[in-house]
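*Asks:* Start from the sequences and build out the full structure, keeping to the hints where you can.
There are 2 protein chains.
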Amino acid sequence: MSTSNATYKVQGMTCGHCVNSVATEIRRIDGVTAVEVDLATGTVIVSSSGPIEDDTVRAAVDEAGYEVVT
Amino acid sequence: MSTSNATYKVQGMTCGHCVNSVATEIRRIDGVTAVEVDLATGTVIVSSSGPIEDDTVRAAVDEAGYEVVT
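Sequence lines, in order, name chains A and B.
Numbering of the first sequence is given in this note's numbering, commencing with residue 10 and proceeding in unit increments.
Numbering of the second sequence is given in this note's numbering, commencing with residue 10 and proceeding in unit increments.
Please note that the accuracy of each hint is not assured.
With the C-beta cut set under 8 Å, the calculated list includes, among others, these residues of chain A facing chain B [what the hints assert, rightly or not]:
no.	residue
1	T12
2	Y17
3	T23
4	C24
5	T79
These are calculated hints, taken from the structure and not from any lab test.
The structure presented is a predicted model; accordingly, all values stated were derived computationally and were not measured.
From the three backbone atoms N, C-alpha and C, an ideal C-beta is built for every residue, glycine too.
*Replies:* Structure below.
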């Protein structure tokens, strides 16, 4: 099985609760197999079984109350 | 019914999730009727139907993962 990885920068996360909120929403996306979040840099790495639309990830982050900036 | 009010300063809260965690733990204390948290200053005001031991509030805040500093 091939794996896709995409990296995003998320603005506004200030603590572990924020990290959990973002990761939880992204994990709900169909095909997502893993989510890594670095709080200090706002970097979010999304692994999936196939490519995922950026807009889908943006919507999930928005749902958690944060914003993808790049 | 008389109401007691006590004010604490809590360190480490960075966002609304932190505020909710602290408020939720303090509300579990027997006799607590209301909890107000100001994120910017870390001020927590606890209203209760009678006096509550500071140590009880400290333990609740600790349980939430934060610390009462004054």
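*Asks:* Now look at each hint and say whether the structure bears it out.
*Replies:* Going through the hints against the structure:
1. T12: For T12(A), the interface hint is violated, since the closest Cβ of chain B sits about 30 Å away, which is over 8 Å.
2. Y17: violated, 19 Å
3. T23: At 4 Å from the nearest chain B Cβ, T23(A) passes the 8 Å test, so the hint holds.
4. C24: holds, 4 Å
5. T79: Constraint on T79(A) not satisfied, violated at 21 Å.
Hint violations for this structure: numbers 1, 2 and 5, all remaining hints satisfied.
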